[in-house]
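Protein sequence lines, in the order shown, are assigned to chains A and B.
With the first letter of the first sequence counted as 1, position 332 gets the number 332 in this note's numbering; the numbers rise by one all the way through.
With the first letter of the second sequence counted as 1, position 301 gets the number 1301 in this note's numbering; the numbers rise by one all the way through.
Keep in mind that the hints were calculated from the coordinates and are not lab data.
Ideal Cβ placement from N, Cα and C applies to all residues, glycine included.
Accuracy of the hints is not assured; some may be wrong.
Once the Cα atoms are required to be at most 16 Å apart in a straight line, the calculated EDC-like pairs of lysine to aspartate or glutamate come out as [unchecked claim]:
#1 B/K1506 / B/E1431
#2 B/K1504 / B/E1550
#3 B/K1547 / A/D242
#4 B/K1355 / B/D1474
#5 B/K1355 / A/E93
#6 B/K1547 / B/D1514
A few chain B residues that don't get close to chain A, going by computed Cβ distances all over 12 Å [unchecked claim]:
#7 I1058
#8 V1296
#9 L1393
#10 F1401
#11 D1514
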Amino acid sequence: MAMLKMKSWTLRFVAQTMLLLFWSAMAVWAIGPKDSSPHGTNIFAPASTPAKAISDLSVFVLVITGIIFVVVFALLAYSVIKFRGRAVDAGREPAQVYGSTQIELAWTIIPILIVIVLFLATARVLHAVQDAPQPPGAIEVTAIGHQYWWEFRYPKLGVVTANELHIPVSNPANPTPTFLTLLSADTDHSFWIPELAGKTDLIPNHPNRMWMDPLRTGIFLGQCAQYCGVQHAKMLLRVSVDSPADFAAWVRGQQQPAVQDASVATGRRVFESNACMNCHAVAGTNANGRFGPDLTHLMIRATIASGAASNTPENLRLWIQDPNAIKPGSLMPAMKLNDSDLDAVVSYMETLR
Amino acid sequence: MSSNAITIPGVQIDEKPWVDTLHEWVTTVDHKRLGVLYILYALLFLVVAGVEALIIRIQLMFPHNHFVSPQVFNRLFTMHGTTMVFFMGMPILFGFANYLVPLMIGARDMAFPRLNAFSFWLSAMGGFLLYFSLVGANGLYGAGNAPDAGWWAYAPLTARAFSPGHSTDYWTLALLVSGFGSIGTAINIIATILCMRCPGMKLNRMPLLAWLNLVMAGMVLLAVSPLTAAQFMLLIDRYLGGHFFDTQAGGSAMLWMHFFWIFGHPEVYVLIIPCFAFMSEIIPVFSRKPIFGYPVMVAATVCIGFVSMSVWAHHMFSVGMNSYANSFFTITTMAVGVPTGIKIFNWLGTMWGGKIQFKVPMLFCIAFLFQFLTAGLTGIMLGSAAFDSQLTLSYFVVAHFHYTLVGGVVFGVFAALYYWYPKITGRILNETLGKLHFWLFLIGFHLTFDLMHIPGLLGMPRRIYTYEPGRGWDTVNLLISVGGFIQAIAVVIFAANLVVSYFKGKKAGNDPWDAWTLEWATSSPPPAYNFASIPLVASRRPLWDLKHPEDQ
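The shape of chain A in the complex, shown without the other chains (with noise of 0.2 Å):
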């Protein structure tokens, strides 16, 4: 009796273990790839010739550590049901083992083999992804990591913007790929649009170097990814691969000076009586801080405080009302504004195209 029960409770043991490990392959199964539209961010859905190498490198690497579990689980589960106490002979101790030199040979020469292969596959790919030349083609961009929202700025085009970076998809015959240098402007950061490229961090006082060559258009999301202060939660990010004519579409309007419209001069007035210029730039004004994010093109971009809330009239009134209400410990102050001030400035902003 006692050795069907112990029999029947290793065997729930091996069957339970067994039913865990293949929920889980199936739940990877049910959610992963299934997500392949552009807004995923599945690092096996890749986009980009540096996530690609990686994806690839990480396949190879799960099927060989896949066959090591496989085949240890094996051997241990074995071991456990196989040599497990019997009651008939209790009493008697099993043969006394204390070793053998050639099977610790074996165990050791084989991961060491194991190794070896692993090392070699990861460094290809390191240097590939790391060393890669920059082609002449490339479109440079600075980014620079802000307590909760991303500064990009293009030095070569002139352009200066926020939180929603566009850079052209890449043709593989004639590349244009993106070269991002990161750096920050307070605290670390890590840039990660997990189906563009690996994380890279942004840290003060040591720039980085990191690059992309979407091989597709659309809309790619990430966030930031190294534990910034109170709301790095929030710190999202949107990366908008345009096709080459979107793209220098973009370039062109972002290059304008902010549009001046006569009827929202009040909105404009109450902008910079107020201490909104101080961390805000809107070019071709007297606004030119930098502390936030450009406002010269704020409405072309479709959400708000880094990704946080979608850029409509209602949550720009929100926000600028009151910051904490979207994204609670958000360095912007509540500008305690008049309701009628505060639909001004509202105005003002949304004619900033």
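Following the hints, position chain B against chain A.
Chain B only, in chain A's frame:
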């Protein structure tokens, strides 16, 4: 049984006032009492940090949940990590080392009993200092009341510009103070093992537990010192106008990372090696066979000790080191996998051909082996620097290290508690409650941490207080949280078992598991002097020799 197993029944003094008992415990320099104090103190913090984890999991059950504010969430994960590593993991393992090492090498106490007490009280002070921040850190209006810079506290987030008030100072001081305690204990363990072994206990006859704790103590010495230095530098930056980590004044944020991780990575081995030690004692006894490949086990541990001192920057694969540095830390990281693999194979070799008895300690050991295997393999994935640039800082890495620290360290600690509880208290923990605890904890653990790998692969970064819906993270996070609560229920059952069995448990006798090492030769609980006469050993399994004279 053994000539050493003389139990002198203490003179029964009727009812001591509780103040006297308390006084005895507070002023004790006995290694066994200090060991128990360490363990109780660590279990207290296990509950505290466990509750913090549960609050984190409630917050993450649903996207855009509002259970706690971002500020509170950031404090919770900082306190959870710091507490679990410094005030649960290290103390409980030091507790076992304190309790077991002298008994297993046939000594009467640690080499420096008063240093031992001093170290314990320093560590204890550290933990209370950390939690005193809840009351004392509000140095500035609006400043946080608990540390919130994360458990690795990267510069410049800890600078006064980003971390006003005193919360970071409490964090720094807590780690400084407990760090001195850890260094004291490490010195004590090394001195005890090298100088206090009983006659005949050569180094190559020493129980593996003593060997592994020797390696662990060596690593504590080497690893905690840089952390302590870094904490001093941080204090100088914050209060004496230093610029070590002040990036605005030419300091380096990278410097902190290197200092922290040259402590931080050996630290995980400091936590796991004593659990390897538990495995190496418990698996043989319940397989009824000696450990397979004793010399190789020792060599592998020493090898892990050395190699793991050169892997720290694999925590920094995303900070922009060049491809050569990344390659170097890839190979060293993967190289640690070799001796670790050897260990798993040797435990397997120990079970192979044995007669495995599925007592509760052994159940936890078997689960440990499966989980540590998985954690090792995800570690290989993270060790591949290119793959890691996707995985690091995501929930995948959170799942990986919880697999080692819960699936490894916590399961190892539970195994050890079930195995040595009879020695410590004289009573065996209830088997039925033990099995219930085991199965519930196992199911909860796998529900939580198997699934936790998935959001990482789907791009969910760690340390976010909330997340966007529609990225495939929602359902998984809900299930992960459910698993957390199942684990909590299991821990409650365990706590009940500890209390119930202390009063009503089956009497253990000297040697309830029919084991072989010296601690089972004395009474349970052992007398203050451990052994009536210092034992004399002639092999690695002195009690086996006594029980099987025909093997001589």
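Quiz item: Of the numbered hints stated previously, which ones are contradicted by the structure, given in increasing order?
Solution: 2, 3, 4, 8, 9, 11
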